[in-house]
Amino acid sequence: MCLAIPGKIISIAGQYDGVFRIGKVAFYGIMKEVNLCMVPEAVIGDYVLVHVGVAISIVDEQEALLTLEYLEKMDEAKELKFPVT
Amino acid sequence: MCLAIPGKIISIAGQYDGVFRIGKVAFYGIMKEVNLCMVPEAVIGDYVLVHVGVAISIVDEQEALLTLEYLEKMDEAKELKFPVT
Amino acid sequence: MKHLSEYRDPGLVQQYLYELHRITQGSWTLMEICGGQTHSLVKNGILDMLPPGITMVHGPGCPVCVTPVSVIDEAIYLAQQPGVILCSFGDMLRVPGSSTNLLEAKAKGADVRILYSPLEAVQLAVANPSKEVVFFAVGFETTAPANALSVIQAHKLNLSNYSILTSHVLVPPAMEAILQDQENTIDAFLAAGHVCAIMGMEEYYPIAEKYKIPIVITGFEPVDLLQGILMAVQQLENGEYQVQNQYARAVNRQGNILAKETIHEVFEISDRTWRGIGNIPCSGYEVTEMYRKYNSRLKFDLNLPYVAENKECISGAIMKGLKKPFQCPNFGNKCKPENPLGAPMVSSEGACAAYYHYASTQVSQYS
Amino acid sequence: MKHLSEYRDPGLVQQYLYELHRITQGSWTLMEICGGQTHSLVKNGILDMLPPGITMVHGPGCPVCVTPVSVIDEAIYLAQQPGVILCSFGDMLRVPGSSTNLLEAKAKGADVRILYSPLEAVQLAVANPSKEVVFFAVGFETTAPANALSVIQAHKLNLSNYSILTSHVLVPPAMEAILQDQENTIDAFLAAGHVCAIMGMEEYYPIAEKYKIPIVITGFEPVDLLQGILMAVQQLENGEYQVQNQYARAVNRQGNILAKETIHEVFEISDRTWRGIGNIPCSGYEVTEMYRKYNSRLKFDLNLPYVAENKECISGAIMKGLKKPFQCPNFGNKCKPENPLGAPMVSSEGACAAYYHYASTQVSQYS
Amino acid sequence: MKTSCPLPKFDFDVITLGHGGGGLLTHRLLQNGVFDILGNDLLDQQHDGASFPLSGNVAFSTDSYVISPFIFPGGNIGELAVNGTVNDLAMCGAIPKYLSLSFIIEEGLSMSDFFQVLLSIKQAAHKAEVKIVTGDTKVVEQGKGDKLFINTSGIGIIHPGASIHHKRIKPGDQIIVSGCIATHGIAIMSVRKGLEFETTIVSDTVNLNHTITGLLDRFGNDIKFLRDPTRGGIASVLNEVAELTRLGFSIDQNNLPIMEQVEGACEMLGLDPLYVANEGIFIAIVNRNVATDFLAQLNADSNGTEAAIIGEVTLDHPGKVVMKSRIGGKRVVNFLTGDQLPRIC
Amino acid sequence: MKTSCPLPKFDFDVITLGHGGGGLLTHRLLQNGVFDILGNDLLDQQHDGASFPLSGNVAFSTDSYVISPFIFPGGNIGELAVNGTVNDLAMCGAIPKYLSLSFIIEEGLSMSDFFQVLLSIKQAAHKAEVKIVTGDTKVVEQGKGDKLFINTSGIGIIHPGASIHHKRIKPGDQIIVSGCIATHGIAIMSVRKGLEFETTIVSDTVNLNHTITGLLDRFGNDIKFLRDPTRGGIASVLNEVAELTRLGFSIDQNNLPIMEQVEGACEMLGLDPLYVANEGIFIAIVNRNVATDFLAQLNADSNGTEAAIIGEVTLDHPGKVVMKSRIGGKRVVNFLTGDQLPRIC
Ligand code: SF4
Ligand code: SF4
Ligand SMILES: [Mg+2]
Ligand SMILES: [Mg+2]
Ligand SMILES: [Mg+2]
Ligand SMILES: [Mg+2]
Ligand SMILES: [Mg+2]
Ligand SMILES: [Mg+2]
Ligand SMILES: [Mg+2]
Ligand SMILES: [Mg+2]
Ligand SMILES: [Mg+2]
Ligand SMILES: [Mg+2]
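Chains as they are written, first to last, in the numbering used here: chain S, 4 to 88; chain C, 4 to 88; chain U, 745 to 1111; chain V, 745 to 1111; chain H, 19 to 363; chain R, 19 to 363.
Hints are computed from structural coordinates only; laboratory data are not their basis.
Where is the CB? At the ideal position from N, CA and C, for every residue including glycine.
Warning: the hint list may mix true and false statements.
Stated by the list, open to error - Here are the simulated BS3-like pairs of lysine-lysine, each with C-alpha atoms no more than 25 Å apart in a straight line: (1) S:Lys11 with R:Lys211; (2) V:Lys787 with R:Lys342; (3) R:Lys162 with U:Lys875; (4) U:Lys852 with R:Lys185; (5) V:Lys852 with R:Lys211; (6) R:Lys185 with H:Lys149; (7) C:Lys27 with H:Lys149; (8) V:Lys852 with H:Lys162; (9) V:Lys746 with R:Lys188; (10) S:Lys27 with V:Lys746; (11) H:Lys162 with U:Lys875; (12) U:Lys852 with H:Lys211; (13) C:Lys76 with U:Lys875; (14) C:Lys27 with U:Lys900; (15) H:Lys342 with U:Lys787; (16) S:Lys11 with V:Lys1004; (17) R:Lys211 with S:Lys27; (18) U:Lys852 with H:Lys162; (19) R:Lys162 with V:Lys852.
Claimed, not checked - Partial pick of chain S residues on the chain R-facing surface, computed with a CB cut under 7 Å: (20) Leu6; (21) Ile13; (22) Phe23; (23) Phe30; (24) Lys35.
Construct the complete structure from the given sequences, taking the supplied hints into account.
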């Protein structure tokens, strides 16, 4: 459930219909208006996770790198590869 | 204006939507519901002139014959015919 | 079809024509009041068969032709309001308003329905309680009882979503307006049979008397028309000016009393502007105060800006019998049925359209 | 696509698989909570690559699957009311109610619109003041802030024609219901990353502690899932039961505080019936008294007769991880995506549909 | 037309958008519905088109059918669509052979109505001896269509004796109408919202190709012109030919075959039957020498019992259609402007 | 596509019911509009069908186009309708020659939009070297259509070297896609009410017949099968062939050409590009021996720069399409059930 994908904030408008903060978020070059009121600290250039038109969190770049390096921090997984069919 | 044609009353229902007198009127075999409240004396078999769904008068059979016989009552018009192109 | 085919009998037609040719000595101009009569004369090719001394001119008796631009605009305006269903007889849809017509408004999204009868509009209002149903109530005296009935029915059904936009006109005031015109050339009238089926003959005696003009109440079939013309010419040749009733099978002296009562229940006499002719005092019907909530003009608080008639159209002169359609410089070029400049080119009952569509081979050079 | 493609890297996937095969000694049953995770596992063909000792079972985290028949019936009923526009996420349209679904109701004339966001439903309400716009607000904790925002926005815009039909469910109560089942075989959970992006991690510690079960908050891409599985298996092999966060790039311990505030502004916790599972106390959200005029159930005074679930569908057992879809006797014969018996066959996130659509070559014998 | 052929069992009782999506529902609808009912050796290729050998002079015609209601007194849109294109091909002097069939369905159409239409298509194609060889099905949203539209396009082989061209029309040629005019249009009008009336008139939709082939076999190039006067009625066809040939077309109202009820309906609604749509009839313009024999053969055919010579081509009034009225007067019959609207007032 | 060709002068700025009535308005619309723009020797016969000599093996195909909006990023329904039927004929191994063209117009369509579509039709037909030889125009009431539907049907001559039939597909044959998938469907989706997004993606609608002819010239019957994967996407085409041949179809996700923006839109809406509609691409199944040369020729063609071998036919998993995922896993690619609905939640 809860399809949410990361997109990059391209621009931020002050208000959503005079009520909420909105911005344009790019996903692979396509752009969608997204409600940003749940991520008030997000700035242009940040990646946000967007679900049904609402940004629900800012992607933490540091943590993202750590996930990708997770295995390297495990001593045992250096050489061999699992043979995939 | 005022396209009205003679049709024969085939049946009479008491009421139009609970309000007015209606009947079925035949024109050359096709049938239409017609409001009969302006011709209260009309009975089944009578010919009525119908305009926009309302019978506006009963065709007087005697007068109809007189119209067709009009020329015969004029002495002068007995023999010759006018040559139509 | 009984009471119809008999009056289309070619043999009888020939006898009448013979008689007409025989008795016609002078040069007479007759006006048939009613568009239905024009239609029948042209469609049956009767005009070319008449003696050369007889000229038929086509009267104002086509509600499509005489409904003013401003009323068409009102109908279009109402049709364009969200939630309004505008119902109309079919031939009103092509009549030009000041900038468009109902057909085009419909094409652009207005809810316009063609109905056979105003009583069906009432049914539509019953079936669509969340919509406002407006019936475009045009017509002469013939149609007034049906339009009035629709209001009475809506009232008895306690409908709050039905109203009529009236453009009702009356024949006798129009006849007088024509007769009072300086240039008038009309020698006799064929009065409109179906109008008289409702109204009877009484209103015509004073006119015949005052203007010394024969008036023959006439039906719509070829035999009717020829008999009516014959009766009028007989009077003219004899110097008479009576009211005669050719259409006695449908018309009696007092008319349909119930129908007149129905009219007077709902309508009162009012001034009315006629397209091409202008305002004629006391020449129309408007909904009475008692039924004001069924009057679309009051219900929707209509107050559209005044729009002048198209000056290029000489329909006034045509409807008064002063000109023939082919004498209009626009006839058949700038003004055609597919894009009429004036109302008489719209309905096939309109004098200009009747000439355009059904013109006999002799007059077809003008089309 | 940054933050997406990196987690689909085949080399990285192979390394994780190697490590997973290397460390897996025991026989472990893991449940991924979220339908999106199921979707990704199946679509990427990951299930066949796992060590034989690891069995993945698919949790109840698909709002399409757990919305009860009676709520679908409510949505259909509302959609069929004249003047109502029912807006919904696309995949709710095929879910069977007791006698039909929204797609068929739409085909028969109901005004049903597919929208990307509840905020667009508010715009629709603004644009259609004479209509009632109802948003079918299904979802887990992830979707609750957006649905709540739509109510707040409608309120600020003073809209009287917007309301939401809620079927909001919560993850932790469902996890406990599963763990409390007599036949439960689940050894570890992959918790739903996007739910935790909103809610944070706090609610999971007591569960891990109480049931002595590892819980790894996990993302949705192949690398995320494999890392999550690896972390869970490591715990299991080591006899641990902690709450771990694989999805730290999007989830932090306290969650999104503003989002939680938004939820609590509009919603309060309520009992909720889950399709196939039954009533779970305190497992859902309902609109608070303060926003009652935005609650479609109250606004339209919904009171439909109770409808029992289809007994032939074993979706409860499937969503609790007691059965696999191909163990259902109806799977692939009486129950197919084009005519689903139960909700898990509807959305491609539903466990049964996921198996049916994306089943790997090994399991495809069952489809 | 009701048939006893059972409806295939479907999971849906109405057509939904999914049936047009190109996925499984579309596939099933076509497999279990369309192909099962209409199947033949060429259609069953299940390609995006059909292939077959063809040689000679061919005729190619298309029409979309948008009639409302789509099931009407005397028929439905399915047989109309088959007969319409079959007849258009026949009017080109061709022997119709292959049809394409394309549906635009509004979601919500009942499956059983759809299958009633399909069965009528099958029967009409069988009767006309044409094969439906390729097709298409689209589904549009509620409010974006009118239950069912059908396009048929057709290929025929020109009859070896045929030489149909308006340029071959000469003064003196006779104008023949094969049956009663305005029947179809009035049958449809009788069920139009707001204008309904009771009648036993039903549409006369029928395939005319066998009738035409029989006439071409015998009269060959003495047949100058053929046309089925559908939309716009016989007035429109005659005006078009008059405009193309710059000859005069003179017809006699007394000779026009028309059913009494149709005349009654036209009187009531203020319509002119010359402009009302037809289906099961055609207009032929033939050499004067063969007119009587042509008429005799037509009168002996079940599609031509009411056929009549209604007029002739003349040098008078070039480019115009003139009708002698019942009472002997003459009038020009013009093009109709737009739709014929009921003339009430 | 905007053109500088001036709009003919009409009395109406929108199409009304009268334009479909068969009378003068119809006549004028056709004379001054359709015939003027599309006119050619065969169309100008103004008969109810066209006649022309034809011989050989012909292909015949039909499609109705119901796309909304009818003017969309990258094109309009007119060129789509021409290209669609041209491509269907090409997929039969035919050289498209003649098209029919049938409009169903909702009243209120603006004249200028209609003429924009007509001009696109003219240009598309010119580019594809096909003649529009017969047509039809119907107008339906407001709310009974969706501005403009078009049916085209087409006749082509089978290329002498062509032998396209699914029965000829054998294990080892290579599966080639001629361009990026899902482009057209996503371009349309980007302007759908309720799902709009900003993108530079435009429809790739184009005629493929010249490309196909070039391939048939050189590779002849080594081309076993051709299909343009329109509605239902490439998954539907492959499933249909798998079902017909009872062979396995194995494809590799890594080799599927797809534009980045299209992928982004699919991620956002939860759509699977395998099921999204295409326009300007085709799938070919060719003999393994010629696959590389076939691909090279395609890559040198402007319609095939992104072409790729995406998989092969196999004896494994008969009747099923199996895709190797990016990470090396395998999954069955099934038929889509109904319409693909955006998967949001
Ligand atoms: S021809 Fe046209 S412009 Fe002239 S009077 Fe008649 S309606 Fe008016
Ligand atoms: S296969 Fe169908 S019936 Fe069986 S559990 Fe899944 S959804 Fe229910
Ligand atoms: Mg045709
Ligand atoms: Mg035709
Ligand atoms: Mg025809
Ligand atoms: Mg197709
Ligand atoms: Mg007929
Ligand atoms: Mg096709
Ligand atoms: Mg196609
Ligand atoms: Mg195709
Ligand atoms: Mg046609
Ligand atoms: Mg494409």
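Hints and how they fare:
This hinted pair checks out: Lys11 (chain S) and Lys211 (chain R) have alpha carbons roughly 24 Å apart, not beyond 25 Å. At roughly 10 Å between alpha-carbon atoms, Lys787 (chain V) and Lys342 (chain R) fall within 25 Å of each other, so this suggested pair holds. Restraint check: the Cα-Cα separation between Lys162 (chain R) and Lys875 (chain U) comes to about 20 Å, which is no more than 25 Å; the hinted pair holds. For the proposed pair Lys852 (chain U) and Lys185 (chain R), the alpha carbon gap of about 52 Å is over 25 Å, so the pair is violated.
Between Lys852 (chain V) and Lys211 (chain R) the alpha-carbon distance is near 21 Å, which keeps this suggested pair within the 25 Å criterion. Restraint check: the Cα-Cα separation between Lys185 (chain R) and Lys149 (chain H) comes to about 23 Å, which is no more than 25 Å; the hinted pair holds. Restraint check: the Cα-Cα separation between Lys27 (chain C) and Lys149 (chain H) comes to about 46 Å, which exceeds 25 Å; the hinted pair is violated. Only pairs whose Cα atoms come within 25 Å are accepted, and Lys852 (chain V) paired with Lys162 (chain H) is accepted, the gap being roughly 13 Å.
A C-alpha spacing of about 41 Å is found between Lys746 (chain V) and Lys188 (chain R), which places the hinted pair above 25 Å, so the restraint is violated. The hinted pair formed by Lys27 (chain S) and Lys746 (chain V) meets the criterion: a straight-line CA distance of about 17 Å does not exceed 25 Å. The suggested pairing of Lys162 (chain H) with Lys875 (chain U) holds, with an alpha-carbon distance near 22 Å, which does not exceed 25 Å. Of the supplied pair hints, the one linking Lys852 (chain U) and Lys211 (chain H) holds, its CA atoms being roughly 21 Å apart against a limit of 25 Å.
Our distance criterion of 25 Å between C-alpha atoms is broken by Lys76 (chain C) and Lys875 (chain U), whose separation comes to about 59 Å. Using a Cα cut-off of 25 Å, the hinted pair Lys27 (chain C) and Lys900 (chain U) holds, with the two alpha carbons roughly 23 Å apart. With a C-alpha separation of about 10 Å, the suggested pair Lys342 (chain H) and Lys787 (chain U) falls inside the 25 Å cut-off, and the hint holds. A C-alpha spacing of about 23 Å is found between Lys11 (chain S) and Lys1004 (chain V), which places the hinted pair at or below 25 Å, so the restraint holds.
Restraint check for Lys211 (chain R) and Lys27 (chain S): the C-alpha separation of about 18 Å stays at or below 25 Å, so the hint holds. Of the supplied pair hints, the one linking Lys852 (chain U) and Lys162 (chain H) holds, its CA atoms being roughly 15 Å apart against a limit of 25 Å. At most 25 Å may separate the alpha-carbon atoms for a hinted pair to count; Lys162 (chain R) and Lys852 (chain V) meet this at roughly 15 Å. Checking Leu6 (chain S) against chain R: minimum C-beta separation of about 5 Å stays under 7 Å; hint holds.
Because the beta carbon of Ile13 (chain S) sits about 10 Å from the nearest beta carbon in chain R, more than 7 Å, this interface hint is broken. This hint is violated: Phe23 (chain S) has a C-beta 18 Å from the nearest C-beta of chain R, more than the 7 Å allowed. A cut of 7 Å between beta carbons decides the hint on Phe30 (chain S): the least distance to chain R is about 4 Å, and the hint holds. Annotation: interface hint on Lys35 (chain S) holds; nearest CB of chain R at approximately 5 Å, less than 7 Å.
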